[in-house]
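4 protein chains.
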Amino acid sequence: MNIKVGKAAIEEASKKLSNWGRWGKDDHSGTLNIVTPQMIVEAAKLIKKGKSFAMGIPLDRTGPQTGLFGGRFNPIHQMLATGTDAIAEQQDWNKIRYADDTLMLCVQGATHWDALGHIFYEDKCYNGHDAKLIDSRGLSVLGIEHSKDKMVGRGVLLDIARHRKVKWLKDGEGISNDELDACAKAQGVTIKKGDFVIVRTGQMERCLEEGEWGGYAGGDAPGVKFENCYWCHEKEIAAICSDTWGVEVRPNETTEANQPWHWVVIPAMGLCMGEIFYVKELAEDCDKDKVYEFFFSGPPLIITGGTGSPINPQAIK
Amino acid sequence: MNIKVGKAAIEEASKKLSNWGRWGKDDHSGTLNIVTPQMIVEAAKLIKKGKSFAMGIPLDRTGPQTGLFGGRFNPIHQMLATGTDAIAEQQDWNKIRYADDTLMLCVQGATHWDALGHIFYEDKCYNGHDAKLIDSRGLSVLGIEHSKDKMVGRGVLLDIARHRKVKWLKDGEGISNDELDACAKAQGVTIKKGDFVIVRTGQMERCLEEGEWGGYAGGDAPGVKFENCYWCHEKEIAAICSDTWGVEVRPNETTEANQPWHWVVIPAMGLCMGEIFYVKELAEDCDKDKVYEFFFSGPPLIITGGTGSPINPQAIK
Amino acid sequence: MNIKVGKAAIEEASKKLSNWGRWGKDDHSGTLNIVTPQMIVEAAKLIKKGKSFAMGIPLDRTGPQTGLFGGRFNPIHQMLATGTDAIAEQQDWNKIRYADDTLMLCVQGATHWDALGHIFYEDKCYNGHDAKLIDSRGLSVLGIEHSKDKMVGRGVLLDIARHRKVKWLKDGEGISNDELDACAKAQGVTIKKGDFVIVRTGQMERCLEEGEWGGYAGGDAPGVKFENCYWCHEKEIAAICSDTWGVEVRPNETTEANQPWHWVVIPAMGLCMGEIFYVKELAEDCDKDKVYEFFFSGPPLIITGGTGSPINPQAIK
Amino acid sequence: MNIKVGKAAIEEASKKLSNWGRWGKDDHSGTLNIVTPQMIVEAAKLIKKGKSFAMGIPLDRTGPQTGLFGGRFNPIHQMLATGTDAIAEQQDWNKIRYADDTLMLCVQGATHWDALGHIFYEDKCYNGHDAKLIDSRGLSVLGIEHSKDKMVGRGVLLDIARHRKVKWLKDGEGISNDELDACAKAQGVTIKKGDFVIVRTGQMERCLEEGEWGGYAGGDAPGVKFENCYWCHEKEIAAICSDTWGVEVRPNETTEANQPWHWVVIPAMGLCMGEIFYVKELAEDCDKDKVYEFFFSGPPLIITGGTGSPINPQAIK
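First to last, the protein sequences are chains L, H, G and X.
Per our numbering, residue 8 is the first one in the first sequence, and the count goes up by one each step.
Per our numbering, residue 8 is the first one in the second sequence, and the count goes up by one each step.
Per our numbering, residue 8 is the first one in the third sequence, and the count goes up by one each step.
Per our numbering, residue 8 is the first one in the fourth sequence, and the count goes up by one each step.
Quick caveat, the hints were computed from the structure, so don't treat them as lab data.
Heads up, some of the hints might be wrong.
Claimed, not checked - No farther apart than 30 Å at their CA atoms in a straight line, the calculated lysine-lysine pairs in the BS3-like style are these: (1) K200/L x K297/L; (2) K23/H x K11/H; (3) K177/H x K52/L; (4) K52/X x K192/G; (5) K32/L x K172/H; (6) K102/L x K102/H; (7) K32/H x K52/L; (8) K199/L x K23/L; (9) K200/H x K55/L; (10) K102/X x K58/G; (11) K102/X x K52/G; (12) K200/X x K56/G; (13) K131/X x K200/X; (14) K172/H x K55/H; (15) K200/X x K242/G; (16) K199/L x K174/L; (17) K55/X x K177/X; (18) K55/X x K11/G; (19) K297/G x K32/G; (20) K55/G x K102/X; (21) K55/G x K199/X; (22) K192/H x K174/H; (23) K102/X x K56/G; (24) K22/G x K174/G; (25) K102/X x K199/G; (26) K58/L x K32/H; (27) K32/L x K102/H; (28) K297/G x K131/X; (29) K56/L x K242/H; (30) K32/X x K192/X; (31) K55/L x K55/H.
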């Protein structure tokens with residue numbers, strides 16, 4: 008495709024690709040509705056080795072947040088009771104010795120789903136909901152809780168870095184629709200309706216290897232081009248995920264909008280999106296056995312009114 | 008069995024049922040090691056209807072914590088950016104309109120896994136680790152992160168309430184090993200090695216129906232008897248889960264220890280345990296189609312050094 | 008005064024009592040500007056016994072928040088390092104043994120100041136600032152930080168409960184302007200320009216004595232009548248404080264507005280307001296020595312963009 | 008003095024300077040007990056200009072915590088209700104328009120007092136309390152709440168940087184007892200029993216001028232030498248405060264202990280200590296009027312079981 012990315016292109020795509028009303032005016036789950044029970048049954052047949060790959064990153068102080076974006080911080084893990092308390096006999100009044108803890112985290116600070124109320128187009132959310140319904144008390148519409156039993160189906164890895172024969176794509180390198188198709192073809196896998204598609208750029212592995220997150224969480228990155236919204240729509244996939252902070256290429260392809268692809272895929276399309284996926288071992292395994300499809304299970308926490316959820320999604324082969 | 012529950016019985020069971028060293032001295036995952044790839048492949052064949060049941064409860068202020076236990080509180084969800092900010096044009100400098108949020112929660116405050124470092128016996132954790140290695144900085148051993156790709160396999164529901172033909176068991180009612188076996192037999196399901204067994208008492212549904220959590224999180228409850236530790240060991244199950252706060256019956260079967268079953272199953276056996284599971288719809292479905300086995304997928308968040316993880320486990324039939 | 012409290016009365020008072028522009032269009036501190044250096048020097052002369060009274064309540068789980076108001080919760084205090092860690096030799100790599108901790112709290116959850124950006128009238132804040140400047144990132148105008156060195160001067164206690172010869176006023180009992188004047192007269196104290204006036208109803212002491220906060224934080228309460236806004240304006244006091252959650256009487260004197268006095272005193276007048284003050288011992292001392300004036304020092308934390316600050320204000324006699 | 012700093016010197020000083028039992032075996036406030044009512048009355052006479060200097064630093068993301076020390080982080084300020092919610096009419100069901108917020112912070116992360124339970128010597132705290140009494144539930148002894156009405160008295164600034172005629176001392180530069188005395192003499196001020204002494208190194212101002220906190224919170228710093236514990240004891244001051252993270256010079260004067268001065272002044276002496284004080288404007292004013300004494304009021308928040316308190320202490324001249 009040849010799109011001049013900008014506000015006009017966003018408006019055009021928002022109209023052409025709109026899924027508003029497609030699954031009823033009360034829908035809060037968007038493209039996850041594409042997944043049918045039969046697709047899940049078929050996906051289960053992909054479990055042939057009995058091996059599960061955890062695609063979450065650790066939730067701790069070593070996370071990717073470096074202050075770039077809107078006040079996000081790395082997870083804060085604190086204890087309510089410890090083994091040291093126990094052996095000091097400080098718990099024995101209660102006749103049990105135990106450890107207990109709390110976690111404070113940014114919902115979208117590490118591996119996570121975006122809920123459909125995460126991004127607005129003008130004053131509207133997906134399916135025509137008013138953005139004002141998302142206030143300091145949380146998302147009274149389009150929260151992640153609506154997808155609590157819907158994050159399961161067929162997963163496909165598109166390993167763009169290996170397809171290009173590089174360790175990782177560089178920041179700023181865009182991935183075209185044609186390349187996604189070529190990569191799938193080369194990998195011998197077909198994108199099907201209802202798929203959870205995971206795009207590997209290698210950016211996260213570069214950060215881990217270099218021991219520096221740098222601009223990972225909010226700065227430049229490799230990723231899909233704006234035109235990808237058309238590809239997702241045409242393929243009718245359930246979700247798109249990546250090993251980057253925001254799936255799409257950065258710097259933005261326009262100065263008129265920040266993250267222009269986001270402007271379309273969430274508010275207009277209701278596309279489920281997963282970010283900051285750790286896919287190193289999954290990709291190595293796929294490269295080894297040349298099987299790029301698997302059973303996917305990535306249940307979100309049921310955060311009432313959440314803009315998303317921290318997750319540890321599983322690819323099961 | 009006929010056990011006089013108390014410290015002597017705990018000591019005896021701890022010796023007889025110990026799994027220390029069974030999976031190597033560096034093991035941090037306990038009974039989850041029982042699950043083989045082949046078991047996962049077999050479990051996948053249980054996905055026949057393509058229907059997923061979410062077994063998490065909502066993470067919000069309506070949660071079960073009422074101050075009974077050790078400073079636990081219900082989840083606190085707060086926004087970092089809102090739709091009301093967006094429509095007030097307070098975000099337009101950034102050329103994107105969005106919502107963002109944080110969550111602070113007790114790791115074991117709602118539906119969760121216990122990690123093996125959660126409970127100590129005297130000054131030791133599972134596998135002989137020193138309890139002092141669990142201090143204010145978290146669990147340097149036996150944290151939940153070690154199980155990040157291991158929470159998958161065959162799930163079985165034992166619906167004790169329906170087996171007894173009651174809506175729910177009353178607080179204080181114990182479930183014997185014989186009753187578990189009889190329930191399985193009546194339901195036409197066999198407990199197999201490596202299973203994730205879920206015991207339904209109905210207690211949570213009573214609380215939800217009555218609109219009052221009351222003593223749910225720390226008070227009295229129906230649950231398995233102390234003798235259940237022998238049952239879990241003999242059956243070689245991977246995990247036991249329940250719709251209650253602590254799986255075992257309360258009041259405790261002894262005054263010598265608080266939660267005596269916990270004293271054995273975690274430190275001695277390394278048994279994976281899931282609590283506060285919501286099973287209403289799963290149980291109704293099992294009652295309808297008489298199929299009490301399913302594919303189980305309950306990935307924990309990778310909380311480094313966590314005593315467990317909040318989860319939304321999935322039973323997929 | 009004889010006011011029919013309602014939206015019309017609010018509008019009328021807002022116009023008559025407005026301090027917009029009085030201390031410049033960039034003012035963020037309102038009536039605190041009334042205090043002159045000379046007043047502080049005079050106030051210092053009230054320190055005659057060398058005795059300080061702490062007027063904060065403890066910040067812990069026993070606080071007054073019971074879920075009545077907008078998601079407020081009691082303080083959560085957690086440790087980062089403990090004595091039990093220390094004696095278990097878990098800190099000795101660092102060659103120091105110590106304890107460390109965190110606190111999470113609602114800014115207005117216990118004894119606190121309100122900042123002037125806390126309440127809006129229609130779409131405006133005090134001094135004409137647009138309410139939209141107070142978004143999820145905090146108060147970009149009228150935050151408590153502007154008053155960091157201004158919370159000092161002459162304090163006066165008006166002990167209404169003792170004046171009425173009761174242990175405490177009942178919920179719903181209003182305090183008129185005439186009664187404030189009569190109380191001052193009876194106590195032998197004059198309200199002066201620039202004073203920090205503290206009104207004692209005894210409600211907090213009732214809660215403490217009964218061991219139940221009940222509706223303290225958001226429910227019914229004794230307090231000043233709506234007409235009090237005229238009294239504060241006429242007396243030109245710097246601040247008004249009380250031992251209740253919201254200073255003014257509840258139930259509200261009208262159904263047209265919630266906390267009608269608040270609608271006027273903050274947005275129109277820029278009146279500094281202190282709430283949930285603990286005054287038991289101060290009041291007993293004043294009753295004993297019949298001296299109801301003192302040096303007042305209640306520095307706020309410098310919470311950038313805060314709607315107020317938790318405090319432990321001091322009355323020094 | 009000529010001390011070879013190390014464990015032997017710590018032990019010797021701990022014995023010589025011990026205040027254990029001096030104010031009763033139930034004392035939790037240490038040297039604050041030195042302040043008499045008469046001292047407070049005398050201090051009040053130092054209020055001659057009616058000018059208050061706020062010595063707190065802002066509590067926000069720009070704070071000094073950079074991850075150097077034990078998991079400390081900068082304050083996290085979040086909204087519970089906003090002006091943007093208000094103007095979007097999302098609050099009008101409640102008939103009031105308002106903003107509300109929360110704060111999560113490290114108790115010792117910005118300007119703060121240390122409580123006496125903050126540092127241990129071997130397995131003991133100040134006054135002989137067992138360190139195990141300070142566990143994950145907080146400080147059951149020696150918490151900051153015990154000093155709620157005791158942080159008031161005479162303040163004295165010792166402006167070492169100006170005394171040396173430098174903008175700021177360099178990291179690693181120690182301040183001897185002789186220099187403190189010489190500085191006081193040059194400034195024309197006498198250190199008296201019961202004083203709150205504030206030592207200015209200029210380090211904070213360097214960080215602010217350079218726009219980089221660098222190693223401020225946990226790294227190298229100018230500060231008092233170990234021998235200062237003898238000076239504080241001899242002068243019988245109530246408290247010592249500084250514009251640095253830890254008052255004492257860093258790198259440590261020994262490799263045998265981290266912060267050796269801390270090992271003595273808190274556990275043995277029960278010395279009240281204030282850190283991260285902002286004194287730029289106060290110091291400029293003192294330099295101008297040559298008056299280095301003032302009324303000091305630094306009330307702590309009443310954090311039950313807190314290792315200290317965030318504060319905004321006031322120097323009032």
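query: Of the numbered hints stated previously, which ones are contradicted by the structure, given in increasing order?
result: 3, 5, 6, 7, 10, 11, 15, 17, 18, 19, 20, 23, 24, 25, 28 and 30
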